[in-house]
Amino acid sequence: MRIQFKTSYEHDIRLFPDRWSFGVYAALLIVAFALPWLLNAFYLGEATNVLIWAIAGLGLMLLTGQTGQASLGHAAFLAMGCYTGAILMEMGLSFLLAMPLAGLVTGVIGMLFAIPAVRLHGVYLAIATIALSILADDIIVLLEPWTGGVSGKFFEPIELFGQTIDRWSTPHLFYWMVLVITIICTLFYRNLLRAPLGRAMAAVRDSEVSATAMGVHIAYTKALAFGISCAITGIAGFLMGIFSGIVTNETFSLVISIQLLMMIVIGGLGSIHGAFFGAIVIAFLPQALSILTDAVSSSSVAIPGLESGVFAAILIAFILFEPMGIYGRWMKIRIWFELFPFARKDMFRRQKSYLKTERLR
Amino acid sequence: MSLLEIRNATLKFGGVVAVNDLSFSVEKGEVYAIVGPNGAGKSTVFNLISRFYDPFAGSLTFDGQNLLKRGADQIADLGIARTFQNIELFDHATVLQNLLVGRHRHRKTTLIEEMLFTARVRREEKAHRAAVEEVIDFLDLQPYRDKMIAGLPYGVRKVVELGRALSSGPKLLLLDEPASGLSVEETQDMRWWIDDIRTQMGITVLMVEHDMGLVSSVSDRVLALADGAKLAEGTPAEVQADPAVIEAYLGAGAAA
Chain A
0 MRIQFKTSYE HDIRLFPDRW SFGVYAALLI VAFALPWLLN AFYLGEATNV
50 LIWAIAGLGL MLLTGQTGQA SLGHAAFLAM GCYTGAILME MGLSFLLAMP
100 LAGLVTGVIG MLFAIPAVRL HGVYLAIATI ALSILADDII VLLEPWTGGV
150 SGKFFEPIEL FGQTIDRWST PHLFYWMVLV ITIICTLFYR NLLRAPLGRA
200 MAAVRDSEVS ATAMGVHIAY TKALAFGISC AITGIAGFLM GIFSGIVTNE
250 TFSLVISIQL LMMIVIGGLG SIHGAFFGAI VIAFLPQALS ILTDAVSSSS
300 VAIPGLESGV FAAILIAFIL FEPMGIYGRW MKIRIWFELF PFARKDMFRR
350 QKSYLKTERL R
Chain B
0 MSLLEIRNAT LKFGGVVAVN DLSFSVEKGE VYAIVGPNGA GKSTVFNLIS
50 RFYDPFAGSL TFDGQNLLKR GADQIADLGI ARTFQNIELF DHATVLQNLL
100 VGRHRHRKTT LIEEMLFTAR VRREEKAHRA AVEEVIDFLD LQPYRDKMIA
150 GLPYGVRKVV ELGRALSSGP KLLLLDEPAS GLSVEETQDM RWWIDDIRTQ
200 MGITVLMVEH DMGLVSSVSD RVLALADGAK LAEGTPAEVQ ADPAVIEAYL
250 GAGAAA
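Quick note, the sequences are listed as chains A and B, same order.
Per numbering that gives the first Met the number 0, the first sequence starts with residue 0, numbered consecutively.
Per numbering that gives the first Met the number 0, the second sequence starts with residue 0, numbered consecutively.
Note that these hints are calculated values from the structure, not bench results.
Since the structure is predicted, the reported quantities are computational estimates derived from the model, not experimental observations.
Ideal placement from N, C-alpha and C gives every residue a C-beta, glycine not left out.
Do not take every clue at face value.
To be verified - In silico lysine-lysine, BS3-like type, Cα no more than 30 angstroms apart, as pairs:
id	chain 1	residue 1	chain 2	residue 2
1	B	K170	B	K146
2	B	K125	A	K5
3	B	K229	B	K146
4	B	K68	B	K107
5	B	K146	B	K11
6	B	K229	B	K11
7	A	K5	B	K107
8	B	K27	B	K68
9	B	K68	B	K125
10	B	K11	B	K170
11	A	K344	B	K146
12	B	K146	B	K68
13	B	K170	B	K229
14	A	K331	B	K146
15	B	K27	A	K5
Said to hold, decoys possible - In silico negatives: residues of chain B with every beta carbon more than 12 angstroms from chain A:
id	residue
16	L67
17	D145
18	P235
19	A236
Stated by the list, open to error - With beta-carbon atoms standing in for the labels, derived distance ranges:
id	chain 1	residue 1	chain 2	residue 2	range
20	B	L115	A	E337	47 to 55 angstroms
21	A	R343	B	P242	54 to 62 angstroms
22	A	I332	B	D194	46 to 54 angstroms
23	A	L338	B	A149	14 to 22 angstroms
24	B	L77	A	F15	52 to 60 angstroms
25	A	F15	B	S58	50 to 58 angstroms
26	A	L319	B	K170	44 to 52 angstroms
27	A	I332	B	V16	54 to 62 angstroms
28	B	M200	A	E337	34 to 42 angstroms
Chain A with its partners taken away, still in its complex shape:
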């Protein structure tokens, strides 16, 4: 059992609560950077894919997990970031400039979308954002001169610091680039959480009435959450485009939106870890399934709907048995070991919550 003795306010503010957790994350980081030597090109590509999904997950996590606004329209923002980045690079901008700009443009558009959308609550907001996902398809086709429409848009390998970064010829460079972007996004996210704005977002999620009474502007905070969330998602979309080499109007469909939302629910709503755990599940499950089906049946007959069926079953199982997601389960296991042998069976049983003041809207 580890007990922390806090001797200054710095303890509550700094990134890592103690040396032990700093060591754990440092080790994780070293392993992450050493991955190109440990894995072959195929699995390195998969790891890159996981990281890209994790960035997108962080984006949605900020909006849904931290601010409590469900969005089923994030595939549209992935697409927006992807096409914006591609167009900017075609205009001759370097990747280093195009990537943040793609994020910025997506963020601003997300914020504009939020201005009318934040008036909606809960499931109504989710329905409104579905419209975005569906519209994205048509808009991409309509804007054919810029987006390539149905025939798609191709991505050239990136030139960065005199190196050619390409998924196929230099997978390790591509992986490191995505890893660095992931770390930067995670740091930004973590910094927000320990600052007033992150707390204001959690306040909006848990009780809009008292958040208002504490001086938090609800619509502004929600719009800001939308903006930051969309910016991160846009960057992820851009990376996804470069990763797959070609995107068409069908790449970022409603299914991607649903997968994103599923990912953060399975991973654990409201935590950074959740985005990563969820990304691992979402990115590896199709591979795991195909390996499994190959092992079970010798004939290579594709089973239609198997993937979505398994996804759905996993989601239902998580909502029923572990609403806190993989991160919640992980915390429970950790606390069990930390308290050993004093953990009690009902320690995590959810308590009945008390009546809320009648909502004032």
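For chain A, the structure is supplied; the task is to place chain B on it using the hints.
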């Protein structure tokens, strides 16, 4: 000049008159209690001051500022903090984080600074943390500092909500039934705290309360409401002896 002045406030919900031509003023440094039977419009008065409701008519002035010109989220900036009748805490956050949200009105840093967590953000965070720690000491919340709200007993939540309001460093504290659902000992604690909030911290308190024991022991002046209108106003003893108040509570003939 009074700290809070309400003049001829009227609020109707459809045909129901919730607050009817109500006028009263709260002086700086006093504990002012509002009592009245259920549905008398006590909490509605609070929601008017918090600007959750717009009055049909009348004026609300705080510290020389017209409250009606402010949005609900700007009220905290003026130095008015409140608690809620049914506890509105942020359930999925720790006690410390809840209290820190109370400091939101003192936020000076911008989004970019917070994302980069600059030295200024760190300095501000420490200042917020120090201010919150004083409230924690004052309310004896040390054992619960890092506990999630969702797992706390009712009595503690009530205190945390008071703490969150105090953390914002208000000039006027609105307490909506601070003792409801509390045990006798907890109500006693609340009584001392309200007393200390006034005398030590110099914060003016406006509270709605049903517990007449608490009201008469701690408040300087009492306003009795019935059907949204003023029934009586004065010291606790005066109001309790007022025939109109006795009639509203116990029915006609009881005073005789």
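Now the hints, each set against the structure:
no. : hint                                : verdict
1   : B:K170 x B:K146                     : holds, 28 angstroms
2   : B:K125 x A:K5                       : holds, 14 angstroms
3   : B:K229 x B:K146                     : violated, 42 angstroms
4   : B:K68 x B:K107                      : holds, 23 angstroms
5   : B:K146 x B:K11                      : violated, 41 angstroms
6   : B:K229 x B:K11                      : holds, 16 angstroms
7   : A:K5 x B:K107                       : holds, 26 angstroms
8   : B:K27 x B:K68                       : holds, 22 angstroms
9   : B:K68 x B:K125                      : violated, 33 angstroms
10  : B:K11 x B:K170                      : holds, 29 angstroms
11  : A:K344 x B:K146                     : holds, 19 angstroms
12  : B:K146 x B:K68                      : violated, 38 angstroms
13  : B:K170 x B:K229                     : holds, 25 angstroms
14  : A:K331 x B:K146                     : holds, 15 angstroms
15  : B:K27 x A:K5                        : violated, 39 angstroms
16  : L67                                 : holds, 16 angstroms
17  : D145                                : violated, 9 angstroms
18  : P235                                : holds, 27 angstroms
19  : A236                                : holds, 32 angstroms
20  : B:L115 x A:E337: 47 to 55 angstroms : violated, 32 angstroms
21  : A:R343 x B:P242: 54 to 62 angstroms : holds, 58 angstroms
22  : A:I332 x B:D194: 46 to 54 angstroms : holds, 47 angstroms
23  : A:L338 x B:A149: 14 to 22 angstroms : holds, 19 angstroms
24  : B:L77 x A:F15: 52 to 60 angstroms   : violated, 39 angstroms
25  : A:F15 x B:S58: 50 to 58 angstroms   : holds, 53 angstroms
26  : A:L319 x B:K170: 44 to 52 angstroms : holds, 49 angstroms
27  : A:I332 x B:V16: 54 to 62 angstroms  : holds, 58 angstroms
28  : B:M200 x A:E337: 34 to 42 angstroms : holds, 39 angstroms
Checked against the numbered hints given earlier, the structure breaks hints 3, 5, 9, 12, 15, 17, 20, 24 and satisfies all the rest.
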